[in-house]
Amino acid sequence: MPRLHSRALAAGCATLLFSLVTPAVAAHAVTGAQLSGTLSDGATWTADMPAHWNGTLLLFSHGFGPTTAADAPSDAVKAELLAEGDALVGSSYDPNGSMWALGSAERDQFATLAAFREQVGEPTRAISVGESMGGLVNAQLARDGGGRIDGALGLCGLVAGGVDLDNYQLDAEYTLATLFNPADADRLVGFSGAADSNALAARLTAAVTAAQQTPSGRARIALAASYLNLADWAPGETAPAATDYAGQEAQQYDWIAQGLLYFIVPARWSVEQSAGGNTSWNKGVDYAALLRQSVHAPQVEALYREAGLDLRTDLATLTRGAHISADPAAVRELQRTSTAGQGLGVPLLDVHTTADQLVPVEQEGAFAQRVRAAGDSALLRQAYIARQGHCNFTTAEIIASLHALEQRLDTGHWGGATTSDRLQRSADELNLDGAAFVRYRPDALSGVRR
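With our numbering applied, the sequence shown closes on residue 443, and no number is skipped along the way.
Just so you know, these hints were derived from the structure itself, not from any lab. We put the beta carbon where it would ideally sit given N, CA and C, even for glycine. Each hint can be trusted.
Beta-carbon label-pair distances, calculated as ranges: (1) 191 to 269: 15 to 23 Å; (2) 237 to 281: 21 to 29 Å; (3) 305 to 405: 48 to 56 Å; (4) 266 to 431: 36 to 44 Å; (5) 321 to 385: 35 to 43 Å; (6) 306 to 443: 24 to 32 Å; (7) 231 to 291: 17 to 25 Å; (8) 436 to 408: 21 to 29 Å.
Construct all of the structure, not just a fragment, from the sequences and the given hints.
Okay, here's the thing in structure tokens:
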């Protein structure tokens, strides 16, 4: 149904709603309230009601981290959405397991939606919103939610899924260990606990810090960065030119120096906990072929030449030593719980920054290919923000993206609502905190196992 954009209209219809739809009476009775509850698996949910509800409900899926209920990406976004009249709700996911809570997240989000409907009332429209790992949850909800949600907005979503994530991260970690700290080349998976993964992150970070001091070390860091799909535009820096290969490597190193490995290596432990074993492998991977598929191949080749290193020798060493095998049952579990793109049941707009160090923008390209293969490209649109950092959006960018999705739901077609020019204009008209929408096409995602 079309969104009731006018608060006056919503208020004016209150008497009619009272007489026609009993659940809507309850909804208006709790406007301005904060609500909460507990689901059957122990997950909790939280909701915020606006002073004057317009009928729209936003179901928020939070990212990787503590399993605490949240219903908006930030306090600033929450305030703006409530001012527009939207109701907000979201769950913690199952609090009894891993922070990689994909085994319960989709189920808990749908259960949260049902709990809201039971306790508050039937919304005129339900829209799913998710960021980071929650963007993967959001894509699953968009796939399976026909009849329960009307549309979905993804923010910096991990939409390529958990298997691809673990594999390209393994490729990068394996390269760093093999070339800088060979004793760790066989210690990259199957962690005994969080302390084990944190210790590995510390050793790899120290090795990269030392390697950055020499031309050969910098060339090899660039090789690992290419497998990691690591952005070459770091915070506080100007984006390097297309052929400024040394500048690109310096900014990739900045990401690592700022603690990137301290996040992605321990996160693998959480994934292994959730899946019940090692979920990534490199046995049989040809690292020369893998580099040829990377947009960063010219950078790596140039830095190796300048350092006087034989790139073919390093690539042969990596290929020869690649013998890590996954636990098949764990891979099946991760595929079951942590993939998306097998189709869409409702319109989905995905938004991503172009220099995302944690969830590379290249994931959007891989996701779009899978949606296209499923025959649902007409339901998907993607938009991009020219900025560094993971989920580094302004409030205006998120609100403008939501409005573009709502236009699609109102009219039944996308039109030009998701072009960079239209989104930029819409964000500017909000007079909030600016926007940087840009025309962009992601490169291929490295590390996808065929």
